[in-house]
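> Sequence:
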Amino acid sequence: MSVTLTPAEAPAKTGRATPVRDRHHRGVGRWIVLAVVTVGALVMLVPFVFMLLNAFKTPGQYSTDGPLSWPSEFYTQGLRTYWTQVDFPQKLWNSALIAGSVAVLAVAVSLLNAYALGIGRVRGRLWIVGAFLLANMLPQESLVYPLYYFAKEVGLYNTRLVVIIIFTVIQSAFGTYLLASVLGTFPKSLLEAAALDGSGKWTILWRVVLPNVRPTLAVLLVFFFIWTWNEFLIPLVMLIDNQTQTIPVALASLQGDRLMDAPTTNAGALISLVPAIVFFLIFQRTLSRGITVGAEK
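The sequence shown begins at 1 in full-length UniProt numbering and counts up one residue at a time.
Worth flagging that the hints you see were computed from the coordinates, not collected in a lab.
Note that beta-carbon positions come from the ideal geometry of N, C-alpha and C, so glycine has one too.
Worth double-checking, as some hints may not be accurate.
Taking CB as the label site, the calculated pair distances span [claimed, not checked]:
(1) N158 / E73: 36 to 44 angstroms
(2) S63 / A276: 27 to 35 angstroms
(3) T38 / G124: 44 to 52 angstroms
(4) G120 / Q284: 44 to 52 angstroms
(5) V154 / A195: 20 to 28 angstroms
(6) V37 / W70: 27 to 35 angstroms
(7) L161 / L133: 24 to 32 angstroms
(8) L133 / A41: 27 to 35 angstroms
(9) V39 / P89: 33 to 41 angstroms
(10) N136 / N158: 26 to 34 angstroms
(11) P47 / A195: 49 to 57 angstroms
(12) L236 / G40: 46 to 54 angstroms
Please model the complete structure; the sequences and the hints are all you need to start from.
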């Protein structure tokens, strides 16, 4: 007579002890790492707390009590002054247009370049990838004058288009380097199967390669948007008109040579931070999902 053991009874009948792992039980090292990360996160939040406190102070209280005091009243004039003085809706549209266009175009250019380098295996691939890596290491200060001269010569100076073109090239250099490494390890069996089915290069790109690297492209899209949104130096040089300037440039315009309205500046920084936080919260799941998929691969 045979006896069938259920999965729950099998360890007890065979005499083997199955270790039960408590996910809430952590070693000392993990608790130390968690404590260090928590302290680091709190330290990073300190400037935002100061910004929030000083955004709702009166200029008189800021001058008398300093930046560490608690606001004695809910002062909102700084928010209204920044909103009207810099024409914030126009600056918000400029930043969103430039950052969104750069994110989409840079991802598309990076994908096409990486497809040729990683899968097409063009001649001199290593040298080209090395050139893209070198381009990522160049400081923007060294690029300002050549880019300024280029914009003047082609008649694109003080236009949003020239900033979009510049940052599309800059961001796609990093995207090409990253995607070329990813596509260099792409399974050849999928490519060979698609080729045997009669698929051309474009069909393989859109039907085979793109669905597999879509999480990575989503991560790049989020990064490119945030990086371009926070750019300051090149937009400061290229955009001199109030109708074309971005939020970081408008925020810097509040500070004069000898006088700075600290509450208005903090209020402007607070307002300027909100769109970036909203964008990050919207695409947070996309970002974490893309990183998780990349780690699993």
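> Each of the hints needs a verdict: does it hold here or not?
A quick look at each hint next to the structure:
no.: 1; hint: N158 / E73: 36 to 44 angstroms; result: holds, 41 angstroms
no.: 2; hint: S63 / A276: 27 to 35 angstroms; result: holds, 30 angstroms
no.: 3; hint: T38 / G124: 44 to 52 angstroms; result: holds, 48 angstroms
no.: 4; hint: G120 / Q284: 44 to 52 angstroms; result: violated, 34 angstroms
no.: 5; hint: V154 / A195: 20 to 28 angstroms; result: violated, 41 angstroms
no.: 6; hint: V37 / W70: 27 to 35 angstroms; result: holds, 29 angstroms
no.: 7; hint: L161 / L133: 24 to 32 angstroms; result: holds, 27 angstroms
no.: 8; hint: L133 / A41: 27 to 35 angstroms; result: holds, 31 angstroms
no.: 9; hint: V39 / P89: 33 to 41 angstroms; result: holds, 39 angstroms
no.: 10; hint: N136 / N158: 26 to 34 angstroms; result: holds, 27 angstroms
no.: 11; hint: P47 / A195: 49 to 57 angstroms; result: holds, 54 angstroms
no.: 12; hint: L236 / G40: 46 to 54 angstroms; result: violated, 31 angstroms
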